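If you want the building blocks of each chain, they are given just below.
There are 2 protein chains.
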Amino acid sequence: MTEIDALQHPFDAAVELTPATDGRLLGRTRPEYANMVGPFGGVTAATLLQAVLRHPDRLGDPISLTVNYAGPIADGDFDITARAVRTNRATQHWMLELSQDGVVTTTATAVFGIRRDTWSDTELDMPSVPSPETVPAQSLPDFIAWAHNYEMRFVEGAIPEEGAGEHPDSTATLWMREAPARPLDFPRLTALCDLFYPRVFLRHGRYMAAGTVSLTVYFHADAHEIAAQHDDYVLGTARTSRFSRGYFDQTARLWSRDGTLLASSHQLVYFKN
Amino acid sequence: MTEIDALQHPFDAAVELTPATDGRLLGRTRPEYANMVGPFGGVTAATLLQAVLRHPDRLGDPISLTVNYAGPIADGDFDITARAVRTNRATQHWMLELSQDGVVTTTATAVFGIRRDTWSDTELDMPSVPSPETVPAQSLPDFIAWAHNYEMRFVEGAIPEEGAGEHPDSTATLWMREAPARPLDFPRLTALCDLFYPRVFLRHGRYMAAGTVSLTVYFHADAHEIAAQHDDYVLGTARTSRFSRGYFDQTARLWSRDGTLLASSHQLVYFKN
Numbered sequence: 001m002t003e004i005d006a007l008q009h010p011f012d013a014a015v016e017l018t019p020a021t022d023g024r025l026l027g028r029t030r031p032e033y034a035n036m037v038g039p040f041g042g043v044t045a046a047t048l049l050q051a052v053l054r055h056p057d058r059l060g061d062p063i064s065l066t067v068n069y070a071g072p073i074a075d076g077d078f079d080i081t082a083r084a085v086r087t088n089r090a091t092q093h094w095m096l097e098l099s100q101d102g103v104v105t106t107t108a109t110a111v112f113g114i115r116r117d118t119w120s121d122t123e124l125d126m127p128s129v130p131s132p133e134t135v136p137a138q139s140l141p142d143f144i145a146w147a148h149n150y151e152m153r154f155v156e157g158a159i160p161e162e163g164a165g166e167h168p169d170s171t172a173t174l175w176m177r178e179a180p181a182r183p184l185d186f187p188r189l190t191a192l193c194d195l196f197y198p199r200v201f202l203r204h205g206r207y208m209a210a211g212t213v214s215l216t217v218y219f220h221a222d223a224h225e226i227a228a229q230h231d232d233y234v235l236g237t238a239r240t241s242r243f244s245r246g247y248f249d250q251t252a253r254l255w256s257r258d259g260t261l262l263a264s265s266h267q268l269v270y271f272k273n
Numbered sequence: 001m002t003e004i005d006a007l008q009h010p011f012d013a014a015v016e017l018t019p020a021t022d023g024r025l026l027g028r029t030r031p032e033y034a035n036m037v038g039p040f041g042g043v044t045a046a047t048l049l050q051a052v053l054r055h056p057d058r059l060g061d062p063i064s065l066t067v068n069y070a071g072p073i074a075d076g077d078f079d080i081t082a083r084a085v086r087t088n089r090a091t092q093h094w095m096l097e098l099s100q101d102g103v104v105t106t107t108a109t110a111v112f113g114i115r116r117d118t119w120s121d122t123e124l125d126m127p128s129v130p131s132p133e134t135v136p137a138q139s140l141p142d143f144i145a146w147a148h149n150y151e152m153r154f155v156e157g158a159i160p161e162e163g164a165g166e167h168p169d170s171t172a173t174l175w176m177r178e179a180p181a182r183p184l185d186f187p188r189l190t191a192l193c194d195l196f197y198p199r200v201f202l203r204h205g206r207y208m209a210a211g212t213v214s215l216t217v218y219f220h221a222d223a224h225e226i227a228a229q230h231d232d233y234v235l236g237t238a239r240t241s242r243f244s245r246g247y248f249d250q251t252a253r254l255w256s257r258d259g260t261l262l263a264s265s266h267q268l269v270y271f272k273n
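For the protein sequence lines, the chains are A and B, in the order given. Position 206 of the first sequence, counting from 1, maps to 206 under the working numbering, and the rest follow consecutively. Position 163 of the second sequence, counting from 1, maps to 163 under the working numbering, and the rest follow consecutively.
For reference, chain A alone in the conformation it holds in the complex:
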């Protein structure tokens, strides 16, 4: 495991993997990405994507990723197995497991592929919002370490303040960017897809036990469109359709400033009230 370079962004350290002789990839949780229990789920998802991106057999770019959070990840070392279960002419299917001391904490599947030029169209309208420079930044409570690595500028559905009370809907829309800012890439976009604090907090105006059980990211943007973002803000908007018996869903869309739909993301979240 390498030490964090003074010039390296903590994100790059958090998703860094070292190949072991038996084919596993070795990683280590970083205190900079600690959440209330274990690391920020977005960085775990990004690390699993990175395991494929860095794999010598990888074909093409990320098309979709699903991560299932099976159990808590303890602070410290972990290892990832990434297996290409099927490679076609233009697509490749992966199964991944993240383990600690032989116990699986996280599973994932990923589809990678070589994109082709086709007819294209974005049907969804980007939300009409003020520019990020005119929206104040807001922070998650200080003890949530990972949030220090992100700038969040809420247009609607801001983080509930003390005594906020109930909110009629679960929509949050915010400009987001890494702090310090870095050029966007596939792992960074993956992490941004999980940047929305749990929708149930907004509805109730208070914190409660909640954690993602399954996260899916669909990558609409190709490598060229992602690189074109440089280190600019990304607009994210997320909403729940139903809260029922301990679980709720969240559908999110991530847009570039110029209206490119970069990714759609969906998750199912456990909660306890």
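No lab work stands behind these hints: they were computed from the structure. This structure is a prediction, so every number in the text was calculated from the model and none was measured. Heads up, some of the hints might be wrong.
A pair counts as met if it fits within one copy or between any two copies, since identical chains are not told apart.
No more than 25 Å apart at the CA atoms, straight line, and that leaves these computed lysine to aspartate or glutamate pairs for DMTMM-like [claimed, not checked]:
1) Lys-272 <-> Glu-166
2) Lys-272 <-> Glu-225
3) Lys-272 <-> Glu-16
4) Lys-272 <-> Glu-162
5) Lys-272 <-> Asp-22
6) Lys-272 <-> Asp-142
7) Lys-272 <-> Asp-61
Keeping the supplied structure of chain A fixed, place chain B upon it in accordance with the hints.
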């Protein structure tokens, strides 16, 4: 493999699995669920869910399911391996592979769980539509065998007829039900989530090469709410947010007649135009 009973619905035969001595589950494609290439993806997803539902170690009910279609399934026998990678107190995480002659055609992950009573709310409004009895039934072309097992009554975004031309958006909303009708259960609901013909056909008013690469289902309804549907119609509505370089997404919601959001479903689809 048992023969189809004259009284058995073809769906039950299609998702039927026989345990082998080595722990694999053996199944067989059914001509009644043939699609243009291989079986209807919805029945494949339902069969993978069934592999967990019938597993002796299964804990609780389906919470989420992701199926990745890695390659075509040939007509004939297949086998499924279902592995519980982690069992917690109230949740269980599964990894599944469907293979033919040792070649993986389909992978899946599933989260099962024991639901608890919590605060609940449905935020999304059910589309306001006429009752199914007042909407005419429409069929997919006759050569699409699986569609004969479903009734589809389109409220908007009907299947394009010869010379239909372009359509401004990709939304389809329809009442759906098995033909002949059968009481709803988790595998049947899973199959209904994939009942929407490819959204790119609607936009272009014609058929083209298209196939799901990844499908996710979030089960909002518990076993009791699903059983309460009996054999009534389910309202499904689906839309794409972006078509880009060979792939598009689809987000679908399935509602009961009385406004219960039964499931959300998301998929990423390959297309060629």
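Violated hints - listed by number, lowest first: Numbers 3 and 5, in rising order.
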